[in-house]
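Trainee: From first to last, the protein sequence lines are chains W and A. So in the working numbering, spot 36 of the first sequence is number 36, and the numbers just go up one at a time. So in the working numbering, spot 103 of the second sequence is number 216, and the numbers just go up one at a time.
Some clues are possibly wrong.
[Unchecked claim] Between beta-carbon pairs, the in silico distance windows are:
hint, chain 1, residue 1, chain 2, residue 2, range
1, A, T122, W, A105, 22 to 32 Å
2, A, Q130, W, A17, 44 to 54 Å
3, A, Q131, W, G29, 30 to 40 Å
[To be verified] When the alpha-carbon atoms are kept at most 25 Å apart in a straight line, the in silico DMTMM-like pairs for lysine to aspartate or glutamate are as follows:
hint, chain 1, residue 1, chain 2, residue 2
4, W, K49, W, E20
5, W, K112, W, D85
6, W, K49, A, D209
7, A, K139, W, D54
8, A, K126, A, D198
9, W, K49, A, D143
10, W, K112, W, D54
11, A, K126, A, D209
12, W, K71, W, E15
13, W, K108, A, D143
14, A, K139, W, E88
15, W, K58, W, E15
16, W, K108, W, E20
17, W, K112, W, D96
18, W, K61, W, E20
These are computed hints drawn from the structure, not numbers from a lab. By construction, the Cβ of each residue, glycine as well, lies at the ideal position given by its N, Cα and C atoms.
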Amino acid sequence: AQSVSQHNHHVILSEAASLELGCNYSYGGTVNLFWYVQYPGQHLQLLLKYFSGDPLVKGIKGFEAEFIKSKFSFNLRKPSVQWSDTAEYFCAVGGDSNYQLIWGAGTKLIIKP
Amino acid sequence: DAGVTQSPTHLIKTRGQQVTLRCSPKSGHDTVSWYQQALGQGPQFIFQYYEEEERQRGNFPDRFSGHQFPNYSSELNVNALLLGDSALYLCASSADSLIAKNIQYFGAGTRLSVL
Chain W
1 AQSVSQHNHH VILSEAASLE LGCNYSYGGT VNLFWYVQYP GQHLQLLLKY FSGDPLVKGI
61 KGFEAEFIKS KFSFNLRKPS VQWSDTAEYF CAVGGDSNYQ LIWGAGTKLI IKP
Chain A
114 DAGVTQSPTH LIKTRGQQVT LRCSPKSGHD TVSWYQQALG QGPQFIFQYY EEEERQRGNF
174 PDRFSGHQFP NYSSELNVNA LLLGDSALYL CASSADSLIA KNIQYFGAGT RLSVL
């Protein structure tokens, strides 16, 4: 069965701390991987994506993610978080032969100023 | 450039009623997907419309139906509402190309409450 697992439902960090949010997936075939972010009161926005090539992808606002095929993982990282990174983060998986995205349950990130 | 717009933003219905939600895709996009997001969960795929036809459907009952118009806008209809249909309904649009088909742009959603 296709699924996405995000291990942490809530994460609280202080400003300038490093961030890593876990995402593991179960999916047959070629995968397209995404991280979306939802800031308070706003709609879902694409943070970064991976289709192929370099497994380390960079997104907006200093975020990056690494695709590790052997671990079926696509973890999101940021070296130094800011208060404005407070948001909910979603990992999603799609495939070349499938039009839908399969989503994780999301991680609520709170940054203490 | 207008993004994805959805209407209404909030809706309250009672069990057994029917509801219609509307979506206008981002300019240049021809594909519309609908998702249901229950509280504390990620979005669940309902269906996708392309060229005015339902192209793929998720695990939702026939009470959920949709339509796409020639201008690419779309409607989601839910009949015989149940309490469990209370959720945020998200519309996402994309351009139908090999690379872009999974890149989806989301609207702010319609919050449906069923009493």
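Trainee: Next, verify each hint and record whether it holds.
Mentor: Hints, verified against the model:
no.: 1; hint: T122/A x A105/W: 22 to 32 Å; in the structure: holds, 24 Å
no.: 2; hint: Q130/A x A17/W: 44 to 54 Å; in the structure: holds, 48 Å
no.: 3; hint: Q131/A x G29/W: 30 to 40 Å; in the structure: holds, 37 Å
no.: 4; hint: K49/W x E20/W; in the structure: holds, 16 Å
no.: 5; hint: K112/W x D85/W; in the structure: holds, 10 Å
no.: 6; hint: K49/W x D209/A; in the structure: holds, 17 Å
no.: 7; hint: K139/A x D54/W; in the structure: violated, 29 Å
no.: 8; hint: K126/A x D198/A; in the structure: holds, 10 Å
no.: 9; hint: K49/W x D143/A; in the structure: holds, 21 Å
no.: 10; hint: K112/W x D54/W; in the structure: violated, 33 Å
no.: 11; hint: K126/A x D209/A; in the structure: violated, 34 Å
no.: 12; hint: K71/W x E15/W; in the structure: violated, 30 Å
no.: 13; hint: K108/W x D143/A; in the structure: violated, 32 Å
no.: 14; hint: K139/A x E88/W; in the structure: holds, 23 Å
no.: 15; hint: K58/W x E15/W; in the structure: holds, 21 Å
no.: 16; hint: K108/W x E20/W; in the structure: holds, 13 Å
no.: 17; hint: K112/W x D96/W; in the structure: violated, 39 Å
no.: 18; hint: K61/W x E20/W; in the structure: holds, 15 Å
In summary, the structure is inconsistent with hints 7, 10, 11, 12, 13 and 17 from the numbered list given earlier, while agreeing with the others.
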